[in-house]
Amino acid sequence: MLQYILKRILEMIPILFIVSILIFFFTHLIPGDPARLVAGKDATLEEVTIIRAELGLDKPIWDQYITYMSNLFQGDLGTSLKTGLPVSEMFADRFMPSIYLTFMSMGWALVLGLLIGTLSAVFKNKWPDYLGMVTAVSGISMPGFWLGLILIQIFSVQLGWFPTGGAESWKSYILPSITLGAGIMSMLARFTRSSLLETLRADFIRTGRAKGLKESVVIPKHALRNSLIPVVTIAGLQFGFLLGGSVVVETVFSFPGMGRLLIDSIAFRDYPVIQAELLLFSIEFILVNLIVDIMYSMLNPKIRYVS
Amino acid sequence: MLMAGCSSEESGGTSEKENSGKSASGKDQELVIAVNENFISMDPHNTGDTNSNSVQTAMLEGLLGSDEEGQIIPQLAEEYSVSDDALEYTFKLRQGVTFHDGEPFNAEAVKTSFERIMKDESLRLNSRGFNLITSIDVMDEFQIKVTLKEPYAGMLTRFVSAKILSPKLINDSSSDIGKTPVGTGPFKFVEWVQGDHLTVERFDDYWNKADRVKKITYKPVPENGSRVAMLKTGEAHVIYPAPVQNLKELESNSDVEIHKIPSTIARYVSINTMKEPYDDVRIRQAINYAVNKEAFISVVNSGYGLPLDSIIPNKTQFYAKQETYDHNIEKAKELMKEAGFEDGFNAEIWGNTNSDTLKGMQFIQQQLKEIGITVEIKSMEEGTLSDEIYGAQTPEEAKVQMWYVSWSAYPSDTTNATKPLFSSSSFPPDGANTAYYKNDDVDKWITEVNQTADPDKQAEIYNNIQSTIYKDAPWIFLGVDEILAGSRSNVEGVFISPTGGINVTDANLK
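The listed protein sequences correspond, in order, to chains P and U. Be aware that the first sequence starts at 1, since it is given in our numbering, and climbs by one per residue. Be aware that the second sequence starts at 308, since it is given in our numbering, and climbs by one per residue.
Honestly, I wouldn't trust all of these hints.
Think about it this way: if two alpha-carbon atoms lie no more than 30 angstroms apart in a straight line, the pair counts; the simulated DSS-like pairs of lysine-lysine are [as the list claims (entries may be wrong)]: (1) P:K59 x P:K41; (2) U:K486 x P:K59; (3) U:K778 x P:K41; (4) U:K706 x P:K41; (5) P:K59 x U:K778; (6) P:K41 x U:K745; (7) U:K486 x U:K456; (8) U:K522 x P:K171; (9) P:K41 x U:K456; (10) U:K666 x U:K644; (11) P:K41 x U:K638; (12) U:K817 x P:K41; (13) U:K666 x P:K41; (14) U:K751 x P:K41; (15) U:K644 x P:K41; (16) P:K41 x U:K764; (17) U:K628 x P:K41; (18) U:K778 x U:K644; (19) U:K778 x P:K171; (20) U:K475 x P:K41; (21) P:K41 x U:K567; (22) P:K171 x U:K817; (23) U:K751 x U:K764; (24) P:K41 x P:K124; (25) U:K638 x U:K778.
Source of the hints: derived by calculation from the structure; they are not laboratory data.
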């Protein structure tokens with residue numbers, strides 16, 4: 001297993017190399033001139049030209065690429081064109097809040113999603129099933145933007161329990177994580193239900209039951225465990241998206257996270273920030289995938305990895 | 308009085324309700340201001356956005372400052388004079404002022420800051436005006452003279468934005484200027500957590516002693532609904548801007564006050580005067596007659612705003628009201644007929660993807676339909692749009708017909724409100740004259756007005772400039788925004804300037 005993990009991590013290097021090339025060139029393909037955006041509407045051509053030179057944007061794209069890569073190898077993510085601050089410094093304040101928010105959303109979405117899904121499957125076509133699936137459909141159907149604003153209205157404005165935004169205390173994370181996790185919770189509940197129902201129809205479950213195993217053993221030990229593989233896949237994918245895709249929630253809750261920074265940077269054509277952030281998301285995505293693969297073998301020891 | 312100035316009639320709330328549970332006296336309290344965008348940099352010499360500028364103003368001061376109307380007043384200079392030829396600026400400095408790091412404020416400190424702006428290539432945008440300086444003479448410890456090589460009418464405004472930084476900061480740790488500025492202002496820097504908040508604290512050795520809040524926290528909150536919620540819960544004491552769609556709801560809340568401030572933001576559509584059929588002044592005038600400005604303000608700006616009745620907003624220095632193009636479809640049709648376009652023509656309007664811009668363009672589309680002009684709307688993301696507009700190297704290459712846009716200049720800088728927009732030297736990519744407007748008289752006047760320091764003469768020239776351009780109609784003159792802000796009723800001493808800057812020098816909580 002350890003060998004397998006090491007191999008996978010080593011494999012990341014060429015992947016990241018290719019990804020960084022793609023990110024660099026695609027970022028530069030976006031129409032829009034950062035120098036003009038920095039300079040402002042009333043800037044003269046001379047001023048724009050000076051700024052372009054200062055930002056190094058007047059150099060051939062290959063030169064810019066070589067500089068970018070050599071800086072990257074030295075661990076330097078570059079300097080923001082917009083703020084003039086090192087990109088790493090801009091990430092420093094935002095990375096951890098984003099990570100906490102993602103874990104919190106994922107955490108409660110997993111627990112509740114699995115619970116609702118399992119109950120729905122076990123009590124198929126009975127009221128817990130209906131209730132669970134109504135909750136799940138509502139969670140999927142409510143747009144994050146809307147849900148966030150409703151939660152603010154009820155829990156911040158009316159009840160005064162939580163702040164409307166920011167990331168100053170644990171309380172600031174509650175409403176955004178509910179908003180962010182709602183859709184995933186619902187998706188996981190539905191996947192768990194259908195996967196569990198399928199497993200419950202399988203021969204080995206029938207055999208188990210015939211041998212006199214209690215339901216309290218059959219469901220969690222045999223059925224649920226075997227149903228979790230597709231659920232883990234979905235959860236892993238969602239987790240990857242969450243890390244970079246919480247833009248809407250971050251905007252509603254004025255949350256100082258990575259998603260909002262990316263949107264701001266794209267609007268401003270802040271190449272170094274866009275590139276560094278996309279690279280970071282790629283690394284996160286690859287790592288999450290690795291963890292998902294490892295979890296497969298833990299859930300079903302029949303899945304073995306050969307190095 | 309709260310948020311005085313232009314909004315004074317809106318003020319005067321007397322609610323005693325305490326905010327966010329704080330019960331200490333105003334002296335020990337913290338004021339929270341929520342704004343709509345992130346701050347970009349705290350380097351005052353390299354700042355283009357209003358929000359960063361607002362925060363800087365709490366910490367840093369210039370030789371000159373600006374009042375609630377946006378007009379220039381002495382700040383770190385007690386007095387100033389300008390020579391008749393508009394080349395020499397002499398300042399008598401305030402004594403007994405210290406920087407937040409304990410350094411004394413004097414003529415040498417001013418020189419250090421000015422020289423940074425002049426010499427540092429990366430500050431090129433802010434050095435407009437400063438690159439014309441030939442010498443900075445320290446006359447004595449508290450007197451300084453700046454000499455220019457040629458007159459520049461916007462120079463006084465440049466002195467407002469050229470905030471004076473601690474010489475120790477500039478000399479010893481210049482790389483920190485953008486993150487932790489040190490100035491002489493009423494508040495000193497505490498911390499800046501990117502994307503979350505920026506906090507400043509009262510500077511107890513400030514030269515202008517007064518009772519003010521202990522701390523101010525600025526928070527970027529882009530979502531309108533969230534800003535409104537913060538104001539309602541008392542998490543924020545001031546929100547800027549206040550969203551139009553929530554005004555009724557906020558106005559009915561007795562703990563909240565709404566302030567309407569006439570701005571210097573002009574809304575217009577520039578018309579490419581070098582393209583057929585817009586090269587005919589009658590067509591441009593017809594378009595202006597066809598657009599109902601009152602309806603524009605009520606439909607697009609939800610009723611907040613004033614008609615743009617000159618080429619510059621009325622808060623701008625040297626503004627002169629013009630005879631407006633009243634809504635007159637018959638007259639518009641007549642002009643179209645005279646120009647040979649009785650049956651109208653097809654046109655294209657460009658704008659960004661902002662929902663208000665879209666609404667504005669649809670309004671224009673509907674209004675011009677009345678005189679037979681079929682307008683196609685092309686909305687483009689800001690960066691792409693900027694490429695389309697400024698990518699044209701010559702007027703012939705320009706594809707733009709009409710551009711729905713806005714312009715905001717300092718109220719004290721009429722040059723910036725005219726030259727980049729109407730001088731033929733400002734055709735893209737060299738400026739924002741996207742109407743490709745060229746009038747030899749106007750070109751001559753724009754140069755002339757810069758060469759005198761005599762306000763009467765300047766006013767006369769600006770009069771000519773305004774009436775000539777307004778008649779030539781290179782724009783559809785639409786409106787001037789009223790900017791909206793909200794505050795808790797226990798806030799006092801905070802005001803919003805016509806440019807949208809938030810001044811907190813005398814901020815206090817009742």
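Hint check:
no.: 1; hint: P:K59 x P:K41; verdict: holds, 23 angstroms
no.: 2; hint: U:K486 x P:K59; verdict: holds, 29 angstroms
no.: 3; hint: U:K778 x P:K41; verdict: holds, 25 angstroms
no.: 4; hint: U:K706 x P:K41; verdict: holds, 18 angstroms
no.: 5; hint: P:K59 x U:K778; verdict: violated, 45 angstroms
no.: 6; hint: P:K41 x U:K745; verdict: holds, 19 angstroms
no.: 7; hint: U:K486 x U:K456; verdict: violated, 33 angstroms
no.: 8; hint: U:K522 x P:K171; verdict: holds, 23 angstroms
no.: 9; hint: P:K41 x U:K456; verdict: holds, 26 angstroms
no.: 10; hint: U:K666 x U:K644; verdict: holds, 29 angstroms
no.: 11; hint: P:K41 x U:K638; verdict: violated, 34 angstroms
no.: 12; hint: U:K817 x P:K41; verdict: violated, 41 angstroms
no.: 13; hint: U:K666 x P:K41; verdict: holds, 22 angstroms
no.: 14; hint: U:K751 x P:K41; verdict: holds, 23 angstroms
no.: 15; hint: U:K644 x P:K41; verdict: violated, 36 angstroms
no.: 16; hint: P:K41 x U:K764; verdict: holds, 29 angstroms
no.: 17; hint: U:K628 x P:K41; verdict: holds, 26 angstroms
no.: 18; hint: U:K778 x U:K644; verdict: holds, 19 angstroms
no.: 19; hint: U:K778 x P:K171; verdict: violated, 59 angstroms
no.: 20; hint: U:K475 x P:K41; verdict: violated, 34 angstroms
no.: 21; hint: P:K41 x U:K567; verdict: holds, 26 angstroms
no.: 22; hint: P:K171 x U:K817; verdict: holds, 28 angstroms
no.: 23; hint: U:K751 x U:K764; verdict: holds, 14 angstroms
no.: 24; hint: P:K41 x P:K124; verdict: violated, 63 angstroms
no.: 25; hint: U:K638 x U:K778; verdict: holds, 15 angstroms
Checked against the numbered hints above, the structure violates hints 5, 7, 11, 12, 15, 19, 20 and 24; every other hint is satisfied.
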